[in-house]
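Dock chain B with the ligands against the given chain A, drawing on the hints supplied.
Protein chains: 2
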Amino acid sequence: MATITIDWQPDKAAAVPIYQQITNYFQHQIARGDWPMGAQLPSQRKLADQFGVNRSTLITALEELSAVGLITSNPGSGMVVSGNHWSSLLAEHVDWTKYVKAGQFKPNSHALQKINQFETDAVIRLSTGEPAPEQFPRALFKRAFAHLGQNLTSLNYTEPAGILALRQQIARHLQKVGIQTQPANILITSGSLQALQLVSVSLFPKNATIYTEAPTYVKSLHVFQSAHTRLAGVPMDDQGMAYWQMTPPTPDQHAIIYSIPTFNNPTGIVMSATRRQQLLQYAQEHRLPILEDAAYQDVWFDHQPPQPLKANDTSGNVIYFGSISKSLAPGLRIGWTVASQPVIDRLTDVRMQTDYGASSLSQLVLAEILADPDYETYQAHFRTVLAAKAARAQAILTHYWGDFATWQAPSGGFYLWVRLADWINIPKLFDLATAQNVLFNPGSIYDFQPNQYVRLSFSYESSERFERGIQILTRLIKANFHP
Amino acid sequence: MATITIDWQPDKAAAVPIYQQITNYFQHQIARGDWPMGAQLPSQRKLADQFGVNRSTLITALEELSAVGLITSNPGSGMVVSGNHWSSLLAEHVDWTKYVKAGQFKPNSHALQKINQFETDAVIRLSTGEPAPEQFPRALFKRAFAHLGQNLTSLNYTEPAGILALRQQIARHLQKVGIQTQPANILITSGSLQALQLVSVSLFPKNATIYTEAPTYVKSLHVFQSAHTRLAGVPMDDQGMAYWQMTPPTPDQHAIIYSIPTFNNPTGIVMSATRRQQLLQYAQEHRLPILEDAAYQDVWFDHQPPQPLKANDTSGNVIYFGSISKSLAPGLRIGWTVASQPVIDRLTDVRMQTDYGASSLSQLVLAEILADPDYETYQAHFRTVLAAKAARAQAILTHYWGDFATWQAPSGGFYLWVRLADWINIPKLFDLATAQNVLFNPGSIYDFQPNQYVRLSFSYESSERFERGIQILTRLIKANFHP
Ligand SMILES: Cc1ncc(COP(=O)(O)O)c(C=O)c1O
Ligand SMILES: Cc1ncc(COP(=O)(O)O)c(C=O)c1O
Numbered sequence: 303m304a305t306i307t308i309d310w311q312p313d314k315a316a317a318v319p320i321y322q323q324i325t326n327y328f329q330h331q332i333a334r335g336d337w338p339m340g341a342q343l344p345s346q347r348k349l350a351d352q353f354g355v356n357r358s359t360l361i362t363a364l365e366e367l368s369a370v371g372l373i374t375s376n377p378g379s380g381m382v383v384s385g386n387h388w389s390s391l392l393a394e395h396v397d398w399t400k401y402v403k404a405g406q407f408k409p410n411s412h413a414l415q416k417i418n419q420f421e422t423d424a425v426i427r428l429s430t431g432e433p434a435p436e437q438f439p440r441a442l443f444k445r446a447f448a449h450l451g452q453n454l455t456s457l458n459y460t461e462p463a464g465i466l467a468l469r470q471q472i473a474r475h476l477q478k479v480g481i482q483t484q485p486a487n488i489l490i491t492s493g494s495l496q497a498l499q500l501v502s503v504s505l506f507p508k509n510a511t512i513y514t515e516a517p518t519y520v521k522s523l524h525v526f527q528s529a530h531t532r533l534a535g536v537p538m539d540d541q542g543m544a545y546w547q548m549t550p551p552t553p554d555q556h557a558i559i560y561s562i563p564t565f566n567n568p569t570g571i572v573m574s575a576t577r578r579q580q581l582l583q584y585a586q587e588h589r590l591p592i593l594e595d596a597a598y599q600d601v602w603f604d605h606q607p608p609q610p611l612k613a614n615d616t617s618g619n620v621i622y623f624g625s626i627s628k629s630l631a632p633g634l635r636i637g638w639t640v641a642s643q644p645v646i647d648r649l650t651d652v653r654m655q656t657d658y659g660a661s662s663l664s665q666l667v668l669a670e671i672l673a674d675p676d677y678e679t680y681q682a683h684f685r686t687v688l689a690a691k692a693a694r695a696q697a698i699l700t701h702y703w704g705d706f707a708t709w710q711a712p713s714g715g716f717y718l719w720v721r722l723a724d725w726i727n728i729p730k731l732f733d734l735a736t737a738q739n740v741l742f743n744p745g746s747i748y749d750f751q752p753n754q755y756v757r758l759s760f761s762y763e764s765s766e767r768f769e770r771g772i773q774i775l776t777r778l779i780k781a782n783f784h785p
Numbered sequence: 303m304a305t306i307t308i309d310w311q312p313d314k315a316a317a318v319p320i321y322q323q324i325t326n327y328f329q330h331q332i333a334r335g336d337w338p339m340g341a342q343l344p345s346q347r348k349l350a351d352q353f354g355v356n357r358s359t360l361i362t363a364l365e366e367l368s369a370v371g372l373i374t375s376n377p378g379s380g381m382v383v384s385g386n387h388w389s390s391l392l393a394e395h396v397d398w399t400k401y402v403k404a405g406q407f408k409p410n411s412h413a414l415q416k417i418n419q420f421e422t423d424a425v426i427r428l429s430t431g432e433p434a435p436e437q438f439p440r441a442l443f444k445r446a447f448a449h450l451g452q453n454l455t456s457l458n459y460t461e462p463a464g465i466l467a468l469r470q471q472i473a474r475h476l477q478k479v480g481i482q483t484q485p486a487n488i489l490i491t492s493g494s495l496q497a498l499q500l501v502s503v504s505l506f507p508k509n510a511t512i513y514t515e516a517p518t519y520v521k522s523l524h525v526f527q528s529a530h531t532r533l534a535g536v537p538m539d540d541q542g543m544a545y546w547q548m549t550p551p552t553p554d555q556h557a558i559i560y561s562i563p564t565f566n567n568p569t570g571i572v573m574s575a576t577r578r579q580q581l582l583q584y585a586q587e588h589r590l591p592i593l594e595d596a597a598y599q600d601v602w603f604d605h606q607p608p609q610p611l612k613a614n615d616t617s618g619n620v621i622y623f624g625s626i627s628k629s630l631a632p633g634l635r636i637g638w639t640v641a642s643q644p645v646i647d648r649l650t651d652v653r654m655q656t657d658y659g660a661s662s663l664s665q666l667v668l669a670e671i672l673a674d675p676d677y678e679t680y681q682a683h684f685r686t687v688l689a690a691k692a693a694r695a696q697a698i699l700t701h702y703w704g705d706f707a708t709w710q711a712p713s714g715g716f717y718l719w720v721r722l723a724d725w726i727n728i729p730k731l732f733d734l735a736t737a738q739n740v741l742f743n744p745g746s747i748y749d750f751q752p753n754q755y756v757r758l759s760f761s762y763e764s765s766e767r768f769e770r771g772i773q774i775l776t777r778l779i780k781a782n783f784h785p
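Respectively, the protein sequence lines represent chains A and B. Take any residue in the first sequence, note its place counting from 1, add 302, and you have its number in our numbering. Take any residue in the second sequence, note its place counting from 1, add 302, and you have its number in our numbering.
Same shape as in the complex, but just chain A (with noise of 0.2 Å):
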């Protein structure tokens, strides 16, 4: 079998942290097929001597390589060269992830693997932000299947910017909140966060400054991220964001304003109409263009909150984004975004680069369940469901978290914000309530600072597993944190 000599030392003195010189140095020896696949490497013993590495920095270094399938060690073999010009290349690449790993939100990354690898297992998931399966409206669903059934007869490409007859539902369904709109100044996508991720890389400039809620939706910060911009967190009163707080951008640069005033997630917090109109008009007089996330409009309690930005937008300055997949299913992956129509027509087209359009099916589905008289029955239903859900909720955490929580009563969307006494560490709390197949998300994921606040969703699980996963809790933070 091969081996591999090596005549390389990392410079100490560069500002290319050593671990990374050493992936590059490995990287850039098996792409250019000096090493070949197969070959064996020294043991990690021989491979610090020869790098003046200590064995720590050796390991994260062969753990990068490995993780991109450069190398891979072989149970009694030691490591071998495995790489493909695949893996060579996805080692070049692990900048990108490293861009939004070592971003703001580093110290939570390992959180948020956590919960996505946990979120499909069994386990209590106070940390999913999706309807219960209970509240799944089978007999709609079995109502649009069986006419589709009857009725389909082909599932070709559709219009680019999505099915009509869904826009025009849409656009029905949008009235009821008071924005008047027409199927051509909406897009339909693969849920809004696709709506996110094609306004970043259509619409922002590079190096634009991002002012968001903080805290803020997590996914929506990856996305812009990703997009190279300057995320600024701005913060929140009782009445929402507290505009007054930015510091405005100067004529040249570029700044926009994401914001989800209803409901907030993580915070549940809902902008005051007093509040809107003045961001509204302070985005009007600092030309700050407006991103309105509105996922969660649909999900009130007792009253409807106030109308959307969108809404009294007299100048298209609000892209609005809508979503199904709180109020309805987030399977269908179906979102609408409403704007102006260059606008609408600039992200049809690249999202015609991008996937070719949302799955039609999706589509029929919902323009028929939209349609269905019933609709409105199941979504006041749901509504009531989801509040008693959150006064429940919230009569479980006065009893057992009384002495050492607090946080707002929510009038709509899925969590509950809660501040935690200080002497309760929140990072080793999460990783002892995993262990015990319990989820929650730490609040710290979702700003830009550490904080004591964890978010809890009532919405997925059933108030008897949401009981039960708070004593779980509750029993570690007793056993393991003291005032």
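Please note that a few of the clues may not be correct.
Which copy? The list can't say, so a pair holds if one copy fits it or any two copies do.
[To be verified] Calculated lysine-lysine pairs in the DSS-like style (CA-CA distance at most 30 Å, straight line):
#1 508 / 314
#2 521 / 348
#3 444 / 521
#4 508 / 521
In case anyone wonders, no lab produced these hints; they're calculated from the structure.
Frame of chain A; chain B with the ligands shown alone:
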């Protein structure tokens, strides 16, 4: 009403085209708020005088400004500033489309736009690369819907790489073409176009060279161009890509091969088994990773084509892209990528930031259908009908076009790649034909240079409508062109 004053002139000595300097200037004035919304623009004559340019240059600039929504012309009242802050950003991004439009394929963007625009109207579509609606297996879908109607208990976000049951079905399906793989090596995407897009943004090095067959699938070229790669066309003979005609990259250049070895779009050429071995070998020697686009894998007529490159890829050097669009239904928007696990993991990561997964509904329906014992029967029937339509289309061409057209009989796929005699002006024929509601694809949109080919799809239209289309084209050719 506000009017605006202009004290600026384009720099005629600058490298930036004059119309572009004008759009930049407008965009800047509007973005800074110097020209308020609703302000009246001087007349075209005054503007041309002020800028010292001729009317047609001015109009080019004004059209672009109006396309992005920065100005609108109201009949009667002339032009006014209409831009919101998004239009202003849009104007900044005009370069993005320019990039695509101004690339190798510029002369054809006109044709492509027309095609996109007409695809949804009631015309004879000899351009459409989709299964015929008549071949849509209603019974299979009806059964799948009924089954889901009974059993579906929720539609939530799915596993990041795609629903396991579907990945299992795909793995089983791939065995039939000689690919041994498992769910962990499969990523489900929203069509294979999305997979090409994901690979481009997450694995392509900047300034890489992409070797593609010439001619090749035009949308892949757009995706690659947007990733800022250099495209290099490689000729084909009747065995497929003539790989020895590529200039091998130097060790420090990054290069990647993109191939459609089976029923190449548009030519229908099938790479022979020997050529496949040679290409794999060549790629290995020159350290060229391979993208294998197998969109037409399952649509063969009389005998299965040679095994995919991926079936004989021992090193993980090939990324394989499959799709259900050509053999079942493009509207499902489902494709699958097969690659080594680090590559799948990376693509999955990026995809989760992009749109959070493909429609669960599409995935569930497809998993049902692939598992249905009747799927095989459907496929066999689909192929028989397709082969008959291909034969019929060729008989029609021989009858009407025998004197001035030549082509190779395809053994699968959707297309006839037809060379027309030199005296036929194809761009002109295209315009005449669209005016008569007949669409075909000029060969030049697929190639790196003008040519005398047209791509005719025999798949989408019935043979009767195919004949009708050819009759119209024949009449146009005879009336307008002469040997
Ligand atoms: C605020 C917010 N916006 C957007 C989304 C994305 O939803 P989808 O892509 O499913 O429409 C979510 C989901 O968690 C969200 O909380
Ligand atoms: C060669 C080739 N690859 C990929 C695609 C994209 O198909 P989809 O994104 O529907 O899977 C097409 C469709 O025309 C094609 O011809």
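- Broken hints, numbered, in rising order? 2 and 3
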